[in-house]
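So the protein lines, in turn, are chains D and E.
Residue numbers 1 to 428, in full-length UniProt numbering, belong to the letters of the first sequence in order.
Residue numbers 1 to 362, in full-length UniProt numbering, belong to the letters of the second sequence in order.
Mixed in with the good hints there might be a few duds.
[To be verified] No more than 27 Å apart at the CA atoms, straight line, and that leaves these computed lysine-lysine pairs for DSSO-like:
(1) D/K355 / D/K46
(2) E/K356 / D/K92
(3) D/K307 / D/K46
(4) D/K89 / E/K230
(5) D/K391 / D/K229
(6) D/K300 / D/K229
Just so you know, the hints here were simulated from the structure itself, not pulled from any lab data.
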Amino acid sequence: MKLLKLGAVTAAAAATLALSQPAPAADGIPVANLVDFTGRTATVGKPYGQAKVDAVKWLNAKGGINGKPIDLSTFDYSYEVPRAINTYKQWKQEGVVAIQGWGTADTEALVSFVGADEIPFFSASYSAHLTDPTGKGPAGSKAAPYNFIMGPSYSDSVRALIAWAKEDWQRKGGKGQPKYVHMGDNHPYPNAPKKAGEEYAKEQGFTVLPSIQYTLAPGDFKAQCLTLKESGANYAFLANTSGANISLLKSCETVGVDVQFLSNIWGYDENVMKAAGKAADGVVWVMGSAPWGADVPGIKLVHEIAKNADPAVTYQLPHYVRGVCSFYFMKEAMEWADKNGGITGPNVKKGMYQKKDWVPAGLEGVCPKGNWTAEDHRGFTQVLLYQGKVKADAPADADIAKLIADGTIGMTQVFAIDIERKPEWLGW
Amino acid sequence: MALSLVPCGQFKTTYASDTTLFATPLSRNLVIAGVILLALVPLKIGGVAPVSDYVIALLIQIGYLGIAALGLNILVGFTGQISLGHSAFFGFGAFASAWLGNTFGIPVFFTIPLAGILTTAVGMIVGIPAARIKGLYLAIATLASQFILQDFFARAEWFTGGSSGSIAEPFSLFGLTLAGDRQYFYVVLAYVVIMYLFASNMLRTRDGRALVAVRDHYLSAEVMGINLTKYRILSFGISSFYAGVGGALFAHYLQYVSIEGFDILLSIQFLAMIIIGGLGSVMGSLLGTIFMVLLPEVMEALIGALQSTSWGNVPAVTDGLAYLKEAAIGLAIVLFLIFEPDGLAHRWRLIKAYWKLYPFSF
């Protein structure tokens, strides 16, 4: 009796839900977009995810993929892995041909799923664990045949930062061994380059100090900053995303830490310079594309995509630019697939292997040159390092474009390196 | 009269008839019919599924959360203890089942109950403080267990895979692997039926009545010869068993277990489920779970409807909607505590009573 009634109630609720769900769009190419707009990494997740939405709007207005429109399904999973996996199952049933993904935790959790279901997964997680398509990497990495990381791997990034730090130490005339420390949350994203970085630092003659943990969610990090101060570190690698780093840089300024901060690609940007003010001065970080204001031919397309979506836009962070790059690499692979047997997962994957050292048409100078093979998914090996310059604290409502124009904040490229595709570094 | 077929008045002559699970053969048959009806839900007719995958996913969610909620209700509603660490046991069951499968190659069919047993062991250890302390102090002790277990999940890489989490095999039976939610639905349904029947039966036994006695007045219970320590720890054990089985079902449903998600918030949600459903009611646990699972979905639908109107789709409204959704869950709990402290189960009894006496409600 009770259960029957229960069934009726459930059925009624289900009917309401079924009615409230939007009908799927007809005959577009189904592509999924997993984004974090409201979670712990939202400060960088929002521009990155928005870039895909804007790119699709622009592309569909220009005729989509060889005349076929893209049907983009965007889902905000708030950086919660179970929600991402649940949504993935739904997408799989809807038959998406490719997924533009986000975090390391969910991407690494989905590796075996997308491999079995043959759905190319273009992640914003640049974890080196995702670069080994065959699983033959000597560090014991799992096979990730359908994963494509759309930037220099975190491990390569941290190697570049350490190479710069070594030069910096010699330039400043530092004596003895410089001290290196890894800082980040105990979470797959900050953990991904930890061992590779510490090992490389040792090779390069650094003393590696015990890592310091601070959460991905912004908080008061004075305790961590005190630990950092007492440890006597010279170079601190910040592995978290920008939201947490704003808090950390401010806390460390209060405590009076004198350390050269190095930041991962998602940990620093113009927004951090604005929000953290002088505390963010001098941080060296990884860039994966040209910035919004760069003087390169391809940036025009990025401006057009952004202005097409929002005419009032004055500035977009590098994460937005990388989002456009990620989508356009996939778009070219899809165009190839369309002409060579149809847009399916395996064909899109093959499409990624067709060219060598290539950049999507129209984005020359913006996206780094990519090179993927069936045995090696370390697509980008060039790592560019920039240094942030902050002259003064800015008001919270200040426009980034204006702050850059009047010189309050700025950045310069300080280092460029091509990380060798060493076989022993594959998948690690 | 004919509506309920329950005689007007008490004519029971044996204890057995007083504690029977179903008051009348009709009510028993209706429950069986209800289960059969639910079993028909995932079927496809001529290749077309009348019930969408989304609804199946919601039903599965209600299933595994409902089992864990029932466990907490046995502890809180029937034994009068308190636990703020239920989600940690739920998580332990999930990891244990994945670990047993990955490390020892045990088929998933067996890892689910085994995970329940492992979780029982952990729950009984955590329950030891309950032998000495109660009320707020016990709440804090269980809160500690929540954090200790969460930290254990993050560090015990051999068991959980650390911060990367672990993969859980799909459900398989004698070499036959279940594919997709529609087939897994039957596994969850079977467990829901077994676990709810077991709980209903257990509460009619000597041990079950002892638990209720501990809740109602522990001094009287002790005077009557009930071993308080034994039954309090036993209650923690049973509660953990349910949480462990629920967690294991969750693990093999998602096929991946992450160390996130088993936090204090989920523990509070389990408490909310049994408060809304009705403390001390087996069926209330399921009703409360249905409410808690459907509430965000209904809110989502309402917000979607609001956004499709011309007056609702302005930034001032849409920006606030995300918060509104979260606030609604809190509001629901507060409103239930004020207006329906005995939960949905009580409301259900009132509805039944109304129809039993209809149209003469005096």
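Hints versus structure:
1. With a C-alpha separation of about 31 Å, the suggested pair D/K355 and D/K46 falls outside the 27 Å cut-off, and the hint is violated.
2. Taking the CA atoms of E/K356 and D/K92, the gap is about 48 Å. The hint is violated against a cut of 27 Å.
3. Distance hint between D/K307 and D/K46 is fulfilled; the C-alpha atoms sit about 17 Å from each other, no more than 27 Å.
4. Using a Cα cut-off of 27 Å, the hinted pair D/K89 and E/K230 is violated, with the two alpha carbons roughly 44 Å apart.
5. With a CA separation close to 24 Å, the supplied pair D/K391 and D/K229 stays within the 27 Å bound.
6. Proximity of D/K300 to D/K229 is assessed by CA-CA distance (about 44 Å); at most 27 Å being required, the pair is judged violated.
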